[in-house]
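Novice: Chain by chain, the residues:
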Amino acid sequence: MRRRDFIRTITAFGATACLGMAVPSTASASQARPKLTVYTYESFTADWGPGPQVKKAFEAQCGCELDFVSLTDGVALLNRLKIEGGRTRADVVLGLDTNLTSEARQTGIFAPAGIDTSAVSVPGGYKDDIFVPFDYGYFAIVYDTKAMPNPPKSLHDLVTGDPGQKIVIEDPRTSTPGLGLLLWIRSVYGDKSGEAWKSLSRRVLTVTPGWSEAYGLFTKGEAPMVLSYTTSPAYHLIEEKTDRYRAADFPEGEYLEIEVAGMTKHGSANPLSKQFLSFMISPAFQDVIPQTNWMFPAARLSKPIDPVFDQLVKPAKTLIFPADVVAKNRQAWIAEWLSAMSK
Amino acid sequence: MAVGDEQMNKARLPMRRRPLSASLAAGFAALAFLAVLAGVALIGLAWQAAGQGSGLVAAFDPYLWRVARFTLVEAGLSTLLSVVPAIAVAVALNALPRFRGRGLVLRLFALPLALPALVAVFGVTGVYGQHGWLAEIASVLGSPSPPDIYGLTGIIIAHVFFNLPLASRLFLTGLASVPAEYWRISSQLGMGPLARFRLIEWPAMRRAAGGVAALVFMLCATSFTVVLTLGGGPKATTLEVAIYQALHFDFDAGRAVALTAVQLFLTGITIALIGLAGRPSEEGFSIEVRSVREDRPPPVERTAASVLIAATTLFVLLPLASVLISGFSADLGKLLRQPAVWRAVTTSIVIGIIAGALSVALSLALVAARQAQARGNAGRRGRHGLEWLFASGAGLILVIPPIVIGAGWFVLAIRFADPYTLAPFMVVTVNAAMAMPFAVRVLRPAFDTAAARHDRLCAALGISGLSRLRLIDLPALGGPLAAAFAFSMALSLGDLGTIALFGSDRLVTLPFLLLQRMSSYRTSDAAGLALILAILSLALIAAADRSIVRERSQ
Numbered sequence: 035m036r037r038r039d040f041i042r043t044i045t046a047f048g049a050t051a052c053l054g055m056a057v058p059s060t061a062s063a064s065q066a067r068p069k070l071t072v073y074t075y076e077s078f079t080a081d082w083g084p085g086p087q088v089k090k091a092f093e094a095q096c097g098c099e100l101d102f103v104s105l106t107d108g109v110a111l112l113n114r115l116k117i118e119g120g121r122t123r124a125d126v127v128l129g130l131d132t133n134l135t136s137e138a139r140q141t142g143i144f145a146p147a148g149i150d151t152s153a154v155s156v157p158g159g160y161k162d163d164i165f166v167p168f169d170y171g172y173f174a175i176v177y178d179t180k181a182m183p184n185p186p187k188s189l190h191d192l193v194t195g196d197p198g199q200k201i202v203i204e205d206p207r208t209s210t211p212g213l214g215l216l217l218w219i220r221s222v223y224g225d226k227s228g229e230a231w232k233s234l235s236r237r238v239l240t241v242t243p244g245w246s247e248a249y250g251l252f253t254k255g256e257a258p259m260v261l262s263y264t265t266s267p268a269y270h271l272i273e274e275k276t277d278r279y280r281a282a283d284f285p286e287g288e289y290l291e292i293e294v295a296g297m298t299k300h301g302s303a304n305p306l307s308k309q310f311l312s313f314m315i316s317p318a319f320q321d322v323i324p325q326t327n328w329m330f331p332a333a334r335l336s337k338p339i340d341p342v343f344d345q346l347v348k349p350a351k352t353l354i355f356p357a358d359v360v361a362k363n364r365q366a367w368i369a370e371w372l373s374a375m376s377k
Numbered sequence: 006m007a008v009g010d011e012q013m014n015k016a017r018l019p020m021r022r023r024p025l026s027a028s029l030a031a032g033f034a035a036l037a038f039l040a041v042l043a044g045v046a047l048i049g050l051a052w053q054a055a056g057q058g059s060g061l062v063a064a065f066d067p068y069l070w071r072v073a074r075f076t077l078v079e080a081g082l083s084t085l086l087s088v089v090p091a092i093a094v095a096v097a098l099n100a101l102p103r104f105r106g107r108g109l110v111l112r113l114f115a116l117p118l119a120l121p122a123l124v125a126v127f128g129v130t131g132v133y134g135q136h137g138w139l140a141e142i143a144s145v146l147g148s149p150s151p152p153d154i155y156g157l158t159g160i161i162i163a164h165v166f167f168n169l170p171l172a173s174r175l176f177l178t179g180l181a182s183v184p185a186e187y188w189r190i191s192s193q194l195g196m197g198p199l200a201r202f203r204l205i206e207w208p209a210m211r212r213a214a215g216g217v218a219a220l221v222f223m224l225c226a227t228s229f230t231v232v233l234t235l236g237g238g239p240k241a242t243t244l245e246v247a248i249y250q251a252l253h254f255d256f257d258a259g260r261a262v263a264l265t266a267v268q269l270f271l272t273g274i275t276i277a278l279i280g281l282a283g284r285p286s287e288e289g290f291s292i293e294v295r296s297v298r299e300d301r302p303p304p305v306e307r308t309a310a311s312v313l314i315a316a317t318t319l320f321v322l323l324p325l326a327s328v329l330i331s332g333f334s335a336d337l338g339k340l341l342r343q344p345a346v347w348r349a350v351t352t353s354i355v356i357g358i359i360a361g362a363l364s365v366a367l368s369l370a371l372v373a374a375r376q377a378q379a380r381g382n383a384g385r386r387g388r389h390g391l392e393w394l395f396a397s398g399a400g401l402i403l404v405i406p407p408i409v410i411g412a413g414w415f416v417l418a419i420r421f422a423d424p425y426t427l428a429p430f431m432v433v434t435v436n437a438a439m440a441m442p443f444a445v446r447v448l449r450p451a452f453d454t455a456a457a458r459h460d461r462l463c464a465a466l467g468i469s470g471l472s473r474l475r476l477i478d479l480p481a482l483g484g485p486l487a488a489a490f491a492f493s494m495a496l497s498l499g500d501l502g503t504i505a506l507f508g509s510d511r512l513v514t515l516p517f518l519l520l521q522r523m524s525s526y527r528t529s530d531a532a533g534l535a536l537i538l539a540i541l542s543l544a545l546i547a548a549a550d551r552s553i554v555r556e557r558s559q
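From first to last, the protein sequence lines are chains S and Z.
For the first sequence, the tail end lands on 377 under the numbering used here, and the numbers increase by one without skipping.
For the second sequence, the tail end lands on 559 under the numbering used here, and the numbers increase by one without skipping.
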């Protein structure tokens with residue numbers, strides 16, 4: 035008897051569960067407030083990231099619900115869009131960078147932004163009909179002065195230095211900083227990049243899928259160096275009042291990253307998409323960026339930026355590849371990276 | 006009389022035929038399920054490969070060969086470091102047949118196999134990681150901290166944690182089959198430990214050794230979770246993880262196909278080797294292993310054996326203790342107030358229940374069909390192929406790792422739909438198929454016994470088909486069915502391979518959430534989740550174990 039009950043209970047439980055799984059979708063469809071779905075990367079939506087403040091500010095002015103879907107990092111965003119194709123639920127995709135825009139355009143799922151972007155001001159004066167910049171920064175090696183009194187003096191120093199002093203880097207297949215370092219090394223070493231990576235791989239503690247994992251490991255003291263941005267020390271200066279963590283200044287120059295957002299064709303039917311893109315380059319959004327995303331704003335703020343941002347490392351040279359060169363070579367360069375890193 | 010016989014035969018024919026065809030149909034349905042699941046995946050991959058053309062050849066690049074080499078090296082070393090010490094541990098356990106807590110030690114050795122890999126990884130990092138217990142002790146003592154465990158070291162530690170206890174138990178079973186007289190005679194002859202090992206112990210274990218080694222090699226070569234979490238970059242990547250990364254990181258289907266081809270080749274060869282070496286005795290999976298050794302080995306030997314057993318016990322116990330301690334020191338209250346955690350727990354349980362029920366139903370169909378076919382075949386030649394297919398169909402799924410099935414469906418789904426909408430379906434079916442070899446193993450002996458007991462009675466009473474299933478078979482098989490279900494559900498609960506590929510913000514299971522928290526280094530959250538997952542899995546395994554034991558004692 036008890037065994038029959040057991041089986042019956044399971045069947046009943048299974049059936050209820052199936053129903054239960056089906057119900058929420060119909061429930062949420064009947065919700066009254068209009069909704070905007072934004073795909074972005076994890077460190078944007080983290081508690082300490084810009085996400086929570088941006089959500090609050092935008093929802094206050096749109097009377098809508100802003101729904102973030104977060105992925106590991108920027109390149110993972112592009113991968114997800116390629117997989118979902120025209121079926122994506124995303125109205126807006128926020129967090130690609132200019133290295134990926136050419137490939138993102140080729141997916142054919144983006145629609146022209148169609149908003150006034152005259153407020154945008156970024157190095158090199160980036161202009162595009164689809165993608166709108168929301169911040170920018172320079173990739174840099176950030177080091178812990180306590181663990182590393184003698185930081186690398188150049189990119190060459192970093193590549194050839196003591197293998198006992200480790201660095202945490204991000205995976206170029208998922209993360210924009212990871213891809214950034216790949217392009218940075220490529221723009222300095224050219225065809226000798228494979229050897230440079232082979233040499234650098236001796237110093238790599240681990241390769242993480244996204245920026246937040248790498249920076250987390252670094253601040254926990256797992257490695258004295260991490261691939262991040264020239265702006266990262268500003269966080270420690272402002273929030274922690276310490277200059278323990280600094281960005282290395284390399285004579286070869288630093289690689290520029292401009293982060294952008296774009297509206298999908300699916301999202302172009304939702305009036306909130308355009309409203310969000312305009313909001314994104316307004317002071318309400320931009321004010322949040324420097325001290326949550328720890329990047330330079332791409333448009334005017336309502337008040338002057340914290341002076342700490344003026345004390346940061348200024349690149350001796352700004353490095354950047356045209357987007358179509360990246361699109362053409364990304365897969366081959368990643369294969370080269372995989373090959374060099376797996377030795 | 007002659008007329009009466011004929012009438013009886015006429016009356017019996019349809020009665021005998023119907024149950025046969027019903028079970029056969031169910032068996033074919035179960036086989037079809039497996040064939041479709043694996044076949045469609047392979048077709049998807051082949052289709053993708055055909056479309057790839059020269060890109061596929063390019064995918065066989067140095068990286069792929071390095072990944073294949075790492076897989077072999079990693080699995081080879083893990084096997085060596087699990088199996089060789091296991092021989093010594095089994096000899097030690099056999100030399101001390103009656104010490105206090107021996108039963109507990111053997112129970113402990115059965116635990117890692119039941120533990121979700123992710124939980125074990127968490128325990129291993131808690132002990133050997135950069136901030137683990139070992140590093141803390143080292144820093145207190147002022148000695149240099151242990152080397153970092155990301156990469157080969159960590160992978161091997163985790164694999165040895167899983168497989169050393171398993172292999173020890175399997176070898177111990179081999180030793181337990183040695184007749185008691187051998188030990189008495191060996192001590193009467195004054196054999197030293199070396200001679201005894203050479204003449205008695207090794208011959209007893211040698212039969213199992215090949216099978217055990219091949220089994221451990223297979224488990225390590227296809228291990229996904231351990232390598233994904235402890236790998237640390239392209240330097241330490243196995244084929245399974247590289248397949249996942251090719252799809253998930255790169256969206257490079259050509260590379261995924263090439264990697265899958267190499268992976269299938271490798272698992273195919275290993276399975277063939279297991280076939281040649283002979284499968285290890287299944288008794289090793291049961292809890293009780295009795296030793297018949299009655300002689301008392303000399304004190305030196307006893308001390309050495311005690312030290313070895315204590316060290317191994319510590320090795321297995323520490324990671325488990327780390328999971329418990331860090332789990333309970335996590336803010337469980339806060340964790341349980343998070344809706345995301347409850348959603349993940351509910352999702353995991355619902356998926357586990359459906360996958361478990363599906364797995365048990367399909368396994369029962371296979372077992373019943375095999376029995377019906379065997380009955381039909383009794384005394385007849387030919388048609389044994391079908392019986393064999395019903396018997397080992399479920400096992401064939403082991404040749405094709407879940408990640409390959411997932412990858413095949415994934416690349417196929419991309420052409421027609423958003424693969425993430427397939428996620429619940431994929432996770433449930435792959436989990437169900439994955440558990441089938443184990444469910445069949447639990448169900449078959451009980452079913453065959455019950456069939457032998459009830460067949461004639463049912464035929465005489467004319468009970469057949471569904472009513473037989475309801476009235477006779479299900480009540481008789483309650484215990485084994487419950488055990489198979491609990492075991493299947495536990496396997497599904499710990500699965501990361503399929504969910505890593507298909508999981509998204511729309512479908513988050515408990516291991517998936519744990520992986521997310523772990524990889525964003527929210528260690529305290531992860532500790533709590535690992536504990537919840539461990540408790541759920543172990544409770545299910547304990548329930549399965551009890552159902553089996555109760556059944557046997559009846």
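Among the hints, a few may not be true.
[Stated by the list, open to error] With a straight-line cut-off of 27 Å between C-alpha atoms, the simulated DSS-like cross-links for lysine-lysine are:
hint, chain 1, residue 1, chain 2, residue 2
1, Z, Lys-339, S, Lys-254
2, S, Lys-232, S, Lys-89
3, Z, Lys-339, S, Lys-232
4, Z, Lys-339, S, Lys-226
5, Z, Lys-240, S, Lys-362
[To be verified] One side of the interface only, derived from the structure: several residues of chain Z facing chain S at Cβ under 7 Å:
hint, residue
6, Pro-67
7, Tyr-68
8, Ala-73
9, Gln-135
10, Trp-138
11, Glu-141
12, Tyr-155
13, Arg-211
14, Pro-239
15, Asp-255
16, Phe-421
17, Asp-550
These are calculated hints, taken from the structure and not from any lab test.
In this text, a Cβ means the ideal position worked out from N, Cα and C, and glycines have one as well.
Novice: Determine for every hint whether it applies to the structure shown.
Specialist: Right, here's what the structure says about each hint:
1. Lys-339/Z - Lys-254/S: Cα-Cα ~23 Å, so holds.
2. Lys-232/S - Lys-89/S: Violated, at about 43 Å.
3. Lys-339/Z - Lys-232/S: 45 Å, violated
4. Lys-339/Z - Lys-226/S: 51 Å, violated
5. Lys-240/Z - Lys-362/S: 26 Å, holds
6. Pro-67: 5 Å, holds
7. Tyr-68: Where the cut-off is 7 Å and the nearest Cβ of chain S is about 4 Å from Tyr-68/Z, the hint holds.
8. Ala-73: 11 Å, violated
9. Gln-135: 6 Å, holds
10. Trp-138: 17 Å, violated
11. Glu-141: 14 Å, violated
12. Tyr-155: 5 Å, holds
13. Arg-211: 38 Å, violated
14. Pro-239: 4 Å, holds
15. Asp-255: Result: holds, 5 Å to nearest chain S Cβ.
16. Phe-421: 10 Å, violated
17. Asp-550: 16 Å, violated
Checked against the numbered hints above, the structure violates hints 2, 3, 4, 8, 10, 11, 13, 16, 17; every other hint is satisfied.
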